[in-house]
Amino acid sequence: MSGILWIIIVGFVAGIIARLVSPGPNNPSGFILTTVLGIVGAFLATFIGQAIGHYGPNQGAGFITATIGALIVLFIWNRLVASHVISDPGNK
Numbered sequence: 008m009s010g011i012l013w014i015i016i017v018g019f020v021a022g023i024i025a026r027l028v029s030p031g032p033n034n035p036s037g038f039i040l041t042t043v044l045g046i047v048g049a050f051l052a053t054f055i056g057q058a059i060g061h062y063g064p065n066q067g068a069g070f071i072t073a074t075i076g077a078l079i080v081l082f083i084w085n086r087l088v089a090s091h092v093i094s095d096p097g098n099k
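Residue numbering for the sequence shown follows our numbering, starting at 8 and increasing by one per position.
Treat the hints with caution; some may be incorrect.
Listed next, with one range per pair, are the computed distances between beta-carbon atoms [stated by the list, open to error]:
1) Gly69 to Ala89: 27 to 33 Å
2) Gly37 to Gly60: 34 to 40 Å
3) Gln57 to Gly37: 27 to 33 Å
Keep in mind that the hints were calculated from the coordinates and are not lab data. Small disclaimer: the values here were computed from a predicted structure and weren't measured. Even for Gly, the Cβ is constructed at its ideal location relative to N, Cα and C.
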């Protein structure tokens, strides 16, 4: 149970930092979507790190790489909104 709570806390902090560092609109917003942004970023960073051999099979991304992964996810989100592939939830 403490492992899941740790993932949520690290994901939330990584999501907040990614939103602060990223230029442009910071959508998606809110506590849950910011946390999901950080968690997805951590999974992306873990996947890429394991694919290039930086992490072993049982290792996960650290805090810094989770933040970088969240930045990548936020960049992809903003590009999809800019090209009108998905709608902007903050612009109704």
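Against the structure, the hints:
1. Gly69 to Ala89: 27 to 33 Å: 30 Å, holds
2. Gly37 to Gly60: 34 to 40 Å: 36 Å Cβ-Cβ, so the 34 to 40 Å window holds.
3. Gln57 to Gly37: 27 to 33 Å: 30 Å, holds
Violated hints for the displayed structure: none, as all numbered hints are satisfied.
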